[in-house]
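A.B. asks: Protein sequence lines, in the order shown, are assigned to chains X and C. Under the numbering used here, think of the first position of the first sequence as 1, with each following residue one higher. Under the numbering used here, think of the first position of the second sequence as 308, with each following residue one higher.
Some hints could be false.
As the list claims (entries may be wrong) - DMTMM-like mimics (lysine to aspartate or glutamate), calculated; alpha carbons at most 25 Å apart, straight line:
(1) Lys498/C - Asp135/X
(2) Lys25/X - Glu467/C
(3) Lys332/C - Asp180/X
(4) Lys88/X - Asp442/C
(5) Lys362/C - Asp603/C
(6) Lys25/X - Asp603/C
(7) Lys498/C - Asp148/X
(8) Lys232/X - Glu484/C
Hints in this document: simulated from the structure, not taken from any laboratory. No experiment lies behind these values; they were computed from the predicted model shown.
There are 2 protein chains.
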Amino acid sequence: MINKLVDKIKKQNAPIVVGLDPMMKYIPQQVCKAAFSEFGETLEGAAEAIWQYNKEIIDNIYDIVPAVKPQIAMYEQFGIEGIKAFKKTIDYCHEKDMVVIGDVKRGDIGSTSEAYAVAHLGRVAVGNSRISAFDEDFATVNPYLGSDGINPFIKVCEEEKKGIFILVKTSNPSSGEFQDQLIDGRPLYEKVGEKVAEWGAQCMGNDYSYVGAVVGATYPEMGKVLRRVMPKAYILVPGYGAQGGTGKDLVPFFNEDGLGAIVNSSRGIIAAYAKEEYARFGAEHFGEAARQAALDMIADINGAIGH
Amino acid sequence: MINKLVDKIKKQNAPIVVGLDPMMKYIPQQVCKAAFSEFGETLEGAAEAIWQYNKEIIDNIYDIVPAVKPQIAMYEQFGIEGIKAFKKTIDYCHEKDMVVIGDVKRGDIGSTSEAYAVAHLGRVAVGNSRISAFDEDFATVNPYLGSDGINPFIKVCEEEKKGIFILVKTSNPSSGEFQDQLIDGRPLYEKVGEKVAEWGAQCMGNDYSYVGAVVGATYPEMGKVLRRVMPKAYILVPGYGAQGGTGKDLVPFFNEDGLGAIVNSSRGIIAAYAKEEYARFGAEHFGEAARQAALDMIADINGAIGH
Chain X
1 MINKLVDKIK KQNAPIVVGL DPMMKYIPQQ VCKAAFSEFG ETLEGAAEAI WQYNKEIIDN
61 IYDIVPAVKP QIAMYEQFGI EGIKAFKKTI DYCHEKDMVV IGDVKRGDIG STSEAYAVAH
121 LGRVAVGNSR ISAFDEDFAT VNPYLGSDGI NPFIKVCEEE KKGIFILVKT SNPSSGEFQD
181 QLIDGRPLYE KVGEKVAEWG AQCMGNDYSY VGAVVGATYP EMGKVLRRVM PKAYILVPGY
241 GAQGGTGKDL VPFFNEDGLG AIVNSSRGII AAYAKEEYAR FGAEHFGEAA RQAALDMIAD
301 INGAIGH
Chain C
308 MINKLVDKIK KQNAPIVVGL DPMMKYIPQQ VCKAAFSEFG ETLEGAAEAI WQYNKEIIDN
368 IYDIVPAVKP QIAMYEQFGI EGIKAFKKTI DYCHEKDMVV IGDVKRGDIG STSEAYAVAH
428 LGRVAVGNSR ISAFDEDFAT VNPYLGSDGI NPFIKVCEEE KKGIFILVKT SNPSSGEFQD
488 QLIDGRPLYE KVGEKVAEWG AQCMGNDYSY VGAVVGATYP EMGKVLRRVM PKAYILVPGY
548 GAQGGTGKDL VPFFNEDGLG AIVNSSRGII AAYAKEEYAR FGAEHFGEAA RQAALDMIAD
608 INGAIGH
């Protein structure tokens, strides 16, 4: 799947992923109104609004953007109905041949980590059948529990040719509280980065590993170091746009081949219609606003990395 | 909810929680057979088997055990049907007045962490309504992202009088890879423990905080230190039984009042019928075997802590 991701990034010349994090406040009123009039102000109504919103955005970007990253928390808060919308979104993206990165940040140990890996990337045994549950292409994973948490994911990645992105240095202001702590003079995130390189060597695609890393756009200096520490890891870079990262901050995350990083934007794309810059589209045409914002983001990043 | 948990532990004189981690291989054949004959070897069939298995165990322990800890990964692997069984289990435990600790190990930042907190402990806004999604009483949370990940949970805990257990030192063999790394001569888990104490001071119940910690039974020496570092945090202790922890290993996790810790056992209770010790019950009576194993665990721990 890492090979497919790299191929799509090359072909579309677009090292970006759109975060499908459909908060209710981003969803245009007409979409909510239609959903609520059919299902009421219920979890089902909210899930329908999310799904219709996502579908419109996907229809407007699938031919120019290689991947989406649905954030499961935004679906999970609507319970079972929300989870159904999450699954429907994944399936629809696959129909449109997009790569799906499940931003699930799961992490546990042993058989429990294996159950998460199976849930999101693999197939579960039921009697003599083996059945996919959510079937994303990649999942994000938390490293705090060490190898016991990661190895079960790697096993499933090998079997299914799927991938993971391990949290190394997150984009938020307080990420340093633990991640930046110095161990023998070097920060914890570097130590995690070294383990990512080690884990990744076990399952390589053509040029990059099935094991990638998450490093926030808001920390370009650290991105530079981590790029060197994990040369074969694709870096998933959140924090562009709304969180403050800009095109030029992203240069250190890429390798010289112009590859090695995929930059996420969520509300900057999916709620572009609400920004002054794209107000001309109006809330009615939020899908077209998202497309324009994606095109502008691609141009910004390709301009910065000279690609 | 921490007050309710402490009250129930005192009243039942049972500082234990039963992990409802229903792996298919633990579920007696007659339960699977009945479910598969109704729904086939499908996700729905698996979910039905899980639910029937859980229900029988709950019916046999609810009057002697204060709390359950369903591990969501074991449900999530069966997709939407699995998640329905998770929710059904929570609701049934509430009917039986048990405290429910959702072992979800979620952790993200800002609005995303808030969405997880809302999903599991709070109520989500849909139009003018506010609706509960999963409605556990406690959730486990991963600290790797720092305060930005924890504060949204604390906000929801304050609003809803619910609680969290933050991973500090996990029970698995490789937990030391990152958690034991020395920072200024002291391990990372101690630093996380200090933050737990700090976060917990913001939302206190009567004697203990709404913010607790997870520390594995397999590391009693570290438990001793952490008990001192976070005197007001309830400690959720996994790793008893199957993972190797015994009654006497648990003494350091308790305060002198005989409180301050709640010890988890999962397969040691729910799959007791498969152990030689409880073979006399037979697979038909797996619920009674679970009850006996819970009684024995309570006696073992109370004996060790002299309570």
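A.B. asks: Now tell me, hint by hint, if it's right for this structure.
C.D. replies: The hints, checked one at a time:
1. Between the alpha carbons of lysine 498/C and aspartate 135/X the distance comes to roughly 37 Å, so the proposed pair goes past 25 Å and is violated.
2. For the proposed pair lysine 25/X and glutamate 467/C, the alpha carbon gap of about 22 Å is at most 25 Å, so the pair holds.
3. The straight-line distance between the Cα atoms of lysine 332/C and aspartate 180/X is roughly 42 Å, outside the 25 Å bound, and the hint therefore fails.
4. Straight-line distance between C-alpha atoms of lysine 88/X and aspartate 442/C comes to about 24 Å, which keeps the hinted pair within the 25 Å bound.
5. In summary, the hint linking lysine 362/C to aspartate 603/C is supported, as the alpha carbons are separated by about 21 Å, within the 25 Å threshold.
6. For the hint linking lysine 25/X to aspartate 603/C, the alpha-carbon distance of about 52 Å lies beyond 25 Å, and the restraint is violated.
7. Taking the CA atoms of lysine 498/C and aspartate 148/X, the gap is near 22 Å; set against the 25 Å cutoff, the hint holds.
8. Taking the CA atoms of lysine 232/X and glutamate 484/C, the gap is near 22 Å; set against the 25 Å cutoff, the hint holds.
Hints 1, 3 and 6 from the earlier list are contradicted by this structure; the remaining hints agree with it.
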